[in-house]
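Peer 1: The lines below spell out each chain.
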Amino acid sequence: GQSLEQPSEVTAVEGAIVQINCTYQTSGFYGLSWYQQHDGGAPTFLSYNALDGLEETGRFSSFLSRSDSYGYLLLQELQMKDSASYFCAVRSPNTGFQKLVFGTGTRLLVSP
Amino acid sequence: DVKVTQSSRYLVKRTGEKVFLECVQDMDHENMFWYRQDPGLGLRLIYFSYDVKMKEKGDIPEGYSVSREKKERFSLILESASTNQTSMYLCASSSVQGAVLDTQYFGPGTRLTVL
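Going line by line, the protein sequences match chains X and A.
Following the working numbering, the numbering of the first sequence begins with 1 at its first residue and continues without gaps.
Following the working numbering, the numbering of the second sequence begins with 1 at its first residue and continues without gaps.
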């Protein structure tokens, strides 16, 4: 099967940098993606990594190490509006080519 | 912009009722998904459809069925609702092309309460 682990909650202050880790166990691997979900809202796609390294999109970056089965989402210059839940998701031959398996989510609380 | 809509934001049903949740996407996506989301459990896949009239069971299909008669519409059916099906139900769609498979577009969700 496949499993993903991420911390349940992370707290930080405005302007800080926070890293949300995700470790996964799968047989085979296509890619790791990240989604953001505000309370009461729908999950929205943030980023995707298929190869090792860092992908940057504005204040958000995502990193992948396939040899370590590990990735993280890095949020810089935190803003109050970044308070949300963040889910990592993996696509692998185990999940089926077109399906994602999601982690249980990390709730990020940003305080003033 | 991709738009995924769901028929209701909130729904209250009684135990034993048949419940229909409707999802419509406007981007001509081949893939459509139904998830349920519960606190501490993340998003769990109920059913997946990769084409009209085609479906696959997800991780938790028991007590649910689905219907996809048209490409843009994917329905989730609770044949006989039970209290343990009280949850948030999320519909999503994606295109089959390459890395875009990792980008799923979600609807706003239906919060179903079964009394």
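Possibly wrong hints are sitting among the right ones.
Pair by pair, the computed Cβ-Cβ distance ranges are [stated by the list, open to error]:
1) A:Ile60 / X:Phe97: 18 to 26 Å
2) A:Met54 / X:Tyr70: 15 to 23 Å
3) X:Glu55 / A:Lys13: 36 to 44 Å
4) X:Gln2 / A:Met54: 17 to 25 Å
Not the full set, but computed from the structure, chain X residues with beta-carbon under 8 Å of chain A [said to hold, decoys possible]:
5) Thr23
6) Gly31
7) Ser33
8) Ala42
9) Leu54
10) Phe102
No lab work stands behind these hints: they were computed from the structure.
This one's a predicted model, so the numbers in the text were calculated from it and none came from an experiment.
Even for Gly, the Cβ is constructed at its ideal location relative to N, Cα and C.
Peer 1: Indicate, hint by hint, whether the structure satisfies it.
Peer 2: Right, here's what the structure says about each hint:
1. A:Ile60 / X:Phe97: 18 to 26 Å: Hint holds: Cβ distance 20 Å, inside 18 to 26 Å.
2. A:Met54 / X:Tyr70: 15 to 23 Å: 35 Å, violated
3. X:Glu55 / A:Lys13: 36 to 44 Å: 43 Å, holds
4. X:Gln2 / A:Met54: 17 to 25 Å: 23 Å, holds
5. Thr23: Cβ of threonine 23 of chain X sits 15 Å from chain A, so the hint is violated.
6. Gly31: Holds, because the Cβ-Cβ distance from glycine 31 of chain X to chain A comes to roughly 5 Å (cut-off 8 Å).
7. Ser33: Holds: closest Cβ of chain A sits about 4 Å from serine 33 of chain X, inside 8 Å.
8. Ala42: Holds, because the Cβ-Cβ distance from alanine 42 of chain X to chain A comes to roughly 4 Å (cut-off 8 Å).
9. Leu54: At 17 Å from the nearest chain A Cβ, leucine 54 of chain X fails the 8 Å test, so the hint is violated.
10. Phe102: Nearest chain A Cβ about 4 Å off; hint holds.
Comparing the model with each earlier hint shows violations of hints 2, 5, 9; every other hint is respected.
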